[in-house]
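Residue numbers (numbering that gives the first Met the number 0), protein chains in the order written: chain A, 0 to 113; chain B, 0 to 113; chain C, 0 to 113.
If you are wondering where the hints come from, they were derived from the structure by calculation, not from laboratory data.
Mixed in with the good hints there might be a few duds.
When the alpha-carbon atoms are kept at most 25 Å apart in a straight line, the in silico SDA-like pairs for lysine to any residue are as follows [said to hold, decoys possible]:
1. C/Lys35 x C/Gly17
2. B/Lys2 x C/Ala81
3. A/Lys56 x C/Ala1
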Amino acid sequence: MAKRHQQTPIFHRVVEHGDVLYFSGVVADDVSQDMKGQTAQICQKLDKLLGEVGSSKDKLLTATLFVTDMSQKPGMNEAWTAWIPAESLPTRATLGVADLGKDVLIEVVISAHR
Amino acid sequence: MAKRHQQTPIFHRVVEHGDVLYFSGVVADDVSQDMKGQTAQICQKLDKLLGEVGSSKDKLLTATLFVTDMSQKPGMNEAWTAWIPAESLPTRATLGVADLGKDVLIEVVISAHR
Amino acid sequence: MAKRHQQTPIFHRVVEHGDVLYFSGVVADDVSQDMKGQTAQICQKLDKLLGEVGSSKDKLLTATLFVTDMSQKPGMNEAWTAWIPAESLPTRATLGVADLGKDVLIEVVISAHR
């Protein structure tokens with residue numbers, strides 16, 4: 000059985016199955032900021048979202064980071080490693096894609112456990 | 000233990016582990032259609048495939064939609080939300096990529112439970 | 000509970016939850032080679048990594064292949080199918096992305112079970 004959380008017109012923000020939590024892609028609210036700023040915003044949104052479904056950043060399993068400007072990866076890494084304690088880092092893949100929507104530099108998809 | 004379904008020369012269409020079903024990427028058969036048409040075809044193929052492995056569209060966990068023309072996202076959303084009842088919508092991420100093969104506008108990767 | 004393996008400054012190479020193993024993206028060490036050569040190197044690295052966490056190529060669940068030159072897909076398929084016995088092939092999706100880092104033609108993200 001799956002439990003779905005936070006419905007929007009096109010997805011649920013989180014779907015829970017067993018004790019695994021799957022998340023929809025998250026982007027920054029203020030996309031006028033650079034990659035580091037956008038990543039930091041996403042981390043804040045994920046903190047809130049994880050808390051709302053009974054998890055936390057210490058329980059991440061995987062993270063897929065889709066970016067549109069690979070040259071700003073150092074700023075992304077700074078924000079990412081400032082957010083998650085080293086011993087809790089999830090798996091990661093960073094992929095340079097063509098388009099994430101106007102001015103969106105990064106979109107993050109995570110999974111976590113309870 | 001994993002159970003593999005529907006072998007092709009390069010992948011299995013579905014791999015089952017516990018009560019989670021992982022799916023290979025699915026594209027439309029008729030790629031002369033626009034994004035909405037290609038998405039609708041994919042939904043039909045997924046319906047069939049889900050049924051063949053004992054699941055259904057009400058049991059989707061995640062969906063990752065890779066597209067080559069983000070401007071046609073509204074048509075994609077129309078086909079997507081026409082297919083899945085609102086309360087069953089899975090998580091979703093839509094990524095604009097560079098190339099999915101000739102004339103392919105969208106490729107969908109899902110997971111589901113039994 | 001999750002068990003994390005092989006920490007680097009930005010991720011863990013493998014995160015284990017239940018009896019599922021999630022892997023970070025893997026690229027070739029020698030990126031002067033073509034897609035077939037880079038894919039073969041990745042397969043070798045995955046063999047080692049799978050062994051180190053108590054799994055093997057016969058236990059793959061999913062594979063996502065991000066590539067920057069779709070025209071070299073035949074070479075990628077050759078290396079891929081030479082590596083995995085047909086009956087053990089995981090699910091697969093191959094996506095043509097914009098940038099994986101300098102000269103990187105392919106990055107592979109897998110999951111497996113114990």
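- Task: If any of the earlier hints don't hold here, list their numbers in rising order.
- Result: 1
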